[in-house]
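Following the hints, put chain P in place on chain B, whose structure we already have.
There are 2 protein chains.
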Amino acid sequence: MSKIDALKQRLYDLNAIGSANAIMGWDQQCLMPHGGAPARAAHQGILSRIQHEMLTSDETRRLLEDATAEAESAEDKALVRIVQRDLDLSSKIPAELVEKQSRLGSEGHELWVTARQNNDFASFAPTLEVMFDLAKEQAEYLGYEDHIYSALFDLYEEGAVKADADRMFDGIRGPLVQLVKDIKDSGVQHDDSFLHSDWKDQDQLDFTAALAKTVGFDFNRGRQDTAPHPFCTGWSVGDIRITTRCQEFLGSAIFGTLHEAGHGMYEQGSPMAWDRTPLAGGVSLGVHESQSRTWENIVGRSKAFWTHVLPQLQQAFPATAGVDLDTFYKSVNRVEPSLIRVEADEVTYNLHIMIRFELECALLTNELAVKDLPDAWNAKYEEYLGITPDSDSNGCLQDVHWSGGMVGYFPTYSIGNVLSSQIWKVLANDLGDVDALMAAGNFEPILEWLIDNVYSKGSSLKPGDLIQQVTGKPLGPEDYLDQITTKYRAVYGLS
Amino acid sequence: MSKIDALKQRLYDLNAIGSANAIMGWDQQCLMPHGGAPARAAHQGILSRIQHEMLTSDETRRLLEDATAEAESAEDKALVRIVQRDLDLSSKIPAELVEKQSRLGSEGHELWVTARQNNDFASFAPTLEVMFDLAKEQAEYLGYEDHIYSALFDLYEEGAVKADADRMFDGIRGPLVQLVKDIKDSGVQHDDSFLHSDWKDQDQLDFTAALAKTVGFDFNRGRQDTAPHPFCTGWSVGDIRITTRCQEFLGSAIFGTLHEAGHGMYEQGSPMAWDRTPLAGGVSLGVHESQSRTWENIVGRSKAFWTHVLPQLQQAFPATAGVDLDTFYKSVNRVEPSLIRVEADEVTYNLHIMIRFELECALLTNELAVKDLPDAWNAKYEEYLGITPDSDSNGCLQDVHWSGGMVGYFPTYSIGNVLSSQIWKVLANDLGDVDALMAAGNFEPILEWLIDNVYSKGSSLKPGDLIQQVTGKPLGPEDYLDQITTKYRAVYGLS
Numbered sequence: 001m002s003k004i005d006a007l008k009q010r011l012y013d014l015n016a017i018g019s020a021n022a023i024m025g026w027d028q029q030c031l032m033p034h035g036g037a038p039a040r041a042a043h044q045g046i047l048s049r050i051q052h053e054m055l056t057s058d059e060t061r062r063l064l065e066d067a068t069a070e071a072e073s074a075e076d077k078a079l080v081r082i083v084q085r086d087l088d089l090s091s092k093i094p095a096e097l098v099e100k101q102s103r104l105g106s107e108g109h110e111l112w113v114t115a116r117q118n119n120d121f122a123s124f125a126p127t128l129e130v131m132f133d134l135a136k137e138q139a140e141y142l143g144y145e146d147h148i149y150s151a152l153f154d155l156y157e158e159g160a161v162k163a164d165a166d167r168m169f170d171g172i173r174g175p176l177v178q179l180v181k182d183i184k185d186s187g188v189q190h191d192d193s194f195l196h197s198d199w200k201d202q203d204q205l206d207f208t209a210a211l212a213k214t215v216g217f218d219f220n221r222g223r224q225d226t227a228p229h230p231f232c233t234g235w236s237v238g239d240i241r242i243t244t245r246c247q248e249f250l251g252s253a254i255f256g257t258l259h260e261a262g263h264g265m266y267e268q269g270s271p272m273a274w275d276r277t278p279l280a281g282g283v284s285l286g287v288h289e290s291q292s293r294t295w296e297n298i299v300g301r302s303k304a305f306w307t308h309v310l311p312q313l314q315q316a317f318p319a320t321a322g323v324d325l326d327t328f329y330k331s332v333n334r335v336e337p338s339l340i341r342v343e344a345d346e347v348t349y350n351l352h353i354m355i356r357f358e359l360e361c362a363l364l365t366n367e368l369a370v371k372d373l374p375d376a377w378n379a380k381y382e383e384y385l386g387i388t389p390d391s392d393s394n395g396c397l398q399d400v401h402w403s404g405g406m407v408g409y410f411p412t413y414s415i416g417n418v419l420s421s422q423i424w425k426v427l428a429n430d431l432g433d434v435d436a437l438m439a440a441g442n443f444e445p446i447l448e449w450l451i452d453n454v455y456s457k458g459s460s461l462k463p464g465d466l467i468q469q470v471t472g473k474p475l476g477p478e479d480y481l482d483q484i485t486t487k488y489r490a491v492y493g494l495s
Numbered sequence: 496m497s498k499i500d501a502l503k504q505r506l507y508d509l510n511a512i513g514s515a516n517a518i519m520g521w522d523q524q525c526l527m528p529h530g531g532a533p534a535r536a537a538h539q540g541i542l543s544r545i546q547h548e549m550l551t552s553d554e555t556r557r558l559l560e561d562a563t564a565e566a567e568s569a570e571d572k573a574l575v576r577i578v579q580r581d582l583d584l585s586s587k588i589p590a591e592l593v594e595k596q597s598r599l600g601s602e603g604h605e606l607w608v609t610a611r612q613n614n615d616f617a618s619f620a621p622t623l624e625v626m627f628d629l630a631k632e633q634a635e636y637l638g639y640e641d642h643i644y645s646a647l648f649d650l651y652e653e654g655a656v657k658a659d660a661d662r663m664f665d666g667i668r669g670p671l672v673q674l675v676k677d678i679k680d681s682g683v684q685h686d687d688s689f690l691h692s693d694w695k696d697q698d699q700l701d702f703t704a705a706l707a708k709t710v711g712f713d714f715n716r717g718r719q720d721t722a723p724h725p726f727c728t729g730w731s732v733g734d735i736r737i738t739t740r741c742q743e744f745l746g747s748a749i750f751g752t753l754h755e756a757g758h759g760m761y762e763q764g765s766p767m768a769w770d771r772t773p774l775a776g777g778v779s780l781g782v783h784e785s786q787s788r789t790w791e792n793i794v795g796r797s798k799a800f801w802t803h804v805l806p807q808l809q810q811a812f813p814a815t816a817g818v819d820l821d822t823f824y825k826s827v828n829r830v831e832p833s834l835i836r837v838e839a840d841e842v843t844y845n846l847h848i849m850i851r852f853e854l855e856c857a858l859l860t861n862e863l864a865v866k867d868l869p870d871a872w873n874a875k876y877e878e879y880l881g882i883t884p885d886s887d888s889n890g891c892l893q894d895v896h897w898s899g900g901m902v903g904y905f906p907t908y909s910i911g912n913v914l915s916s917q918i919w920k921v922l923a924n925d926l927g928d929v930d931a932l933m934a935a936g937n938f939e940p941i942l943e944w945l946i947d948n949v950y951s952k953g954s955s956l957k958p959g960d961l962i963q964q965v966t967g968k969p970l971g972p973e974d975y976l977d978q979i980t981t982k983y984r985a986v987y988g989l990s
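Chains as they are written, first to last, in my numbering: chain B, 1 to 495; chain P, 496 to 990.
Among the hints, erroneous ones may be present.
[As the list claims (entries may be wrong)] Below, computed lysine to aspartate or glutamate pairings styled on EDC-like, alpha-carbon distance capped at 16 Å:
#1 P/K587 to P/D508
#2 B/K213 to B/E444
#3 P/K595 to B/D13
#4 B/K100 to P/E570
#5 P/K572 to P/E560
#6 B/K8 to B/E110
[As the list claims (entries may be wrong)] Some chain P residues close to chain B (C-beta under 8 Å, calculated; not the full set):
#7 A511
#8 S514
#9 A515
#10 L526
#11 G531
#12 G711
#13 N715
#14 R718
#15 W730
#16 A768
#17 R771
In short, the hints are calculated from the structure, not lab data.
Being a predicted model, the structure only gives us computed values, none of them experimental.
Heads up, the beta-carbon is just placed ideally off N, CA and C, and yes, glycines get one too.
Chain B with its partners taken away, still in its complex shape (with noise of 0.2 Å):
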């Protein structure tokens, strides 16, 4: 057997134990009985520190040394590349911390869905608090230049450090806020009433499950369920799992499948000799979101795109059988502050994020503590848009991310908003006219050219290099701002 193949095998069976996890925490936010709930917690914090100390081993360090060296092709090197990077990482943080936070993440899980349905910010904090503090002890251990958040954000997005999201958001923050205020002052309000309504969940998850097919997601290899918090996972590229949720207001399901069915897809691409080794899979949290934000808002808020499946709609939900094609367009290109991040319009959705990196930070720093993130988050809904939380459920306690212990993650929200209009730019320059593939239904020369260019590229290049093979230029917030400023002045009519 080559030093590589051998490397391999070790690789199978560390994918093995994390895949055991991924697939008990989906059937956690998916299916599981709550009395399954301490179980659940012990089992996925004992596996992940078995898999913490089988990675970190002289076996491992041994299989991957030797490989090293024997590495030669491109695809090699990435993996080889890709080990020891988690190695290196992994082996600063003792087994314990792991077993901890893995162990807490699935507790939190539990408790924040509880405390969110019951608007009790007070039952979550003791647990959220441990899960800062355990934050800041692995932030320490990883170590750090500028700023304790940069230890974290790394994780995410490999290379990142906090000042590249400092940057992000000083160049997008004062464009975003004057076309929030312009269209604010044009006093013109889309109307999307009719997409409010008491529908069934059946249909919903019928409608959106056809929606996810027609525009490329496998159901040979992956499912959709419903989860309180919409999200995507897999264990296998022969199996990505996508969730959606069923709400009064029918947008939700729909752009939550499209989005999770980017991420999906994304999945999906990878190669199939990849299956089961860290090439195989999106490369970073950023580049992630770049694809689900194309599939939910660049296709699925265009005007081509309900060209095509708006008969649909209506043929699926009749209630919506009078609008027409534009006022549709419009409705579902709505900006207006709101206090939901995942429900959250285009234009108004960074300002969520800046203000979880915002509150981040200072909890990370101790300028915050975890008892006063309540007022802290509505203080900031009110400077960022203009309006406050009604409630801790709709407010500090809405997303799963901290009750999961993951820190640092948000900013690559935003940078997959950026990204995502950078990648199209260049699909479309490629391709043609965009516009009539999708009025026509035609997805899969979309699909095909984000596969050849992104997709296929699986985890093998590090987000950077994969930015600028794809786009000839490093990650900036140019044509994302091109692109939303042109099109919400469209739709908004501003001079």
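Positioned in the frame of chain B, the structure of chain P alone reads:
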């Protein structure tokens, strides 16, 4: 930390890996998209090997040795006894064989589903051949005194050897064949046509879930889904999953659910303090089956049960509204030689088991080749039941067991049938008018008695010791033959 606690920490780790494998198996049978099969097989194989390596490691041996020296309470002694047995059995089997069998079991399941759908035994035969070859290899590693079958039988029923199965079947064969003949000769036929229709799946699922709840299955610590072949599994006292299937015969879902709920309540009845240790859960497959058959047959096919439940059924399925209790009772106790084991009536059921037992023995001793299995199967059905399968799908492809590598399992079904009557006799004696309880829908005293006397013992006693303790005698066919003969002579008006 005490030596017992140190051992438990190790057992929790082993349990986490085993639980991961169990949830993967559940997901495969209930939800997994077809494309997930190759990775699932690989994952399950790897997890089985890792669990095997951890169990048989020097570390576990040392922890077990230390704990054994320290064990004083009955509970601790039971724990070290069980772990010692697992370790001794596992130590005889090479890790590679464990991985191979687990992987093939996962692959085999997919192949079996397809082969059964397409009535294509030939496509499954090569895999089944390897499966039996591996089973023989495993049996030789395990060792046996009298017969190769005993090595595998013991894995499912501690201490049992082939001669025990022979004796049991010899004890019941004659009376059962005679009873089937008497019923046939009587010329009486009970109609159940009103239970056949194109019932909606959702209605069946709603009704049977309510039924499971009625008898005491706790949905806060479990759930019900659908699967091609109903089963029960779990990975915590707090998370036990049952499945059912919806067919045009309404009894399929009803009795399938009651059967699996019986398994499920047994698992849910273990002390929570034993959760995630080998002390929790049913003690052997035979004792387990005694509980599924108790709830399916002794409770679920009694007139008292339907006194309570028939009005609910008739409300949920108005097409059955005209049927009176006596007619209904007889309809669900029809005796008729049939092709499908899991749909078989109580009287003919064990004949299905004897067929499988004899074929397994012949396959293990090379008296029968896998390629000749369909013919041998059909000949046995003609011999025992007087009917010949119309297809392999309704013949030798009907059961899930061999596809997953489970050889030596079937006799535990007959042990369960026999034991259910033996335990019920004691229960009925203790509780007094148990029919009155059931007719009033009061199943709690029955469940409580079973929890006290059987379920709360978990795996702490050897199966034979448990049977002796609960019923005051070893397993024997008398109570079963008495109960079944009395019941069915009445149902068929035989003198």
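Now for the hints, and whether the structure bears them out:
A hinted pair counts as satisfied when its Cα atoms are at most 16 Å apart, and P/K587 with P/D508 does not qualify at roughly 21 Å. Restraint check for B/K213 and B/E444: the C-alpha separation of about 11 Å stays at or below 16 Å, so the hint holds. Restraint check for P/K595 and B/D13: satisfied, since their Cα atoms lie roughly 14 Å apart, inside the 16 Å limit. Between B/K100 and P/E570 the CA atoms are separated by roughly 29 Å; this puts the pair beyond 16 Å, and the hint is violated.
Our distance criterion of 16 Å between C-alpha atoms is met by P/K572 and P/E560, whose separation comes to about 12 Å. Using a Cα cut-off of 16 Å, the hinted pair B/K8 and B/E110 is violated, with the two alpha carbons roughly 35 Å apart. Interface hint at P/A511: satisfied, since its Cβ lies 4 Å from the closest Cβ of chain B, which is below the 8 Å cut-off. Checking P/S514 against chain B: minimum C-beta separation of about 5 Å stays under 8 Å; hint holds.
Using the Cβ-Cβ criterion of 8 Å, the hint placing P/A515 at the interface with chain B is satisfied: the shortest such distance is roughly 3 Å. Given the 8 Å rule on beta carbons, the hint for P/L526 holds: about 7 Å separates it from the nearest Cβ of chain B. Checking P/G531 against chain B by beta carbon gives a least distance of about 3 Å; that is within 8 Å, so the hint holds. Interface restraint check: P/G711 against chain B, minimum CB-CB distance 14 Å, threshold 8 Å, status violated.
At its closest, the beta carbon of P/N715 sits 5 Å from a beta carbon of chain B; the interface hint therefore holds under the 8 Å criterion. With its C-beta approaching chain B no nearer than about 5 Å, P/R718 sits inside the 8 Å limit, and its interface hint holds. A hinted interface residue such as P/W730 counts as satisfied when its beta carbon comes closer than 8 Å to some beta carbon of chain B; here the least separation is about 7 Å, so the hint holds. Look at P/A768: its Cβ only gets to about 12 Å from chain B, farther than 8 Å, so that hint breaks.
Because the closest C-beta pair between P/R771 and chain B is about 6 Å apart, less than 8 Å, the hint holds.
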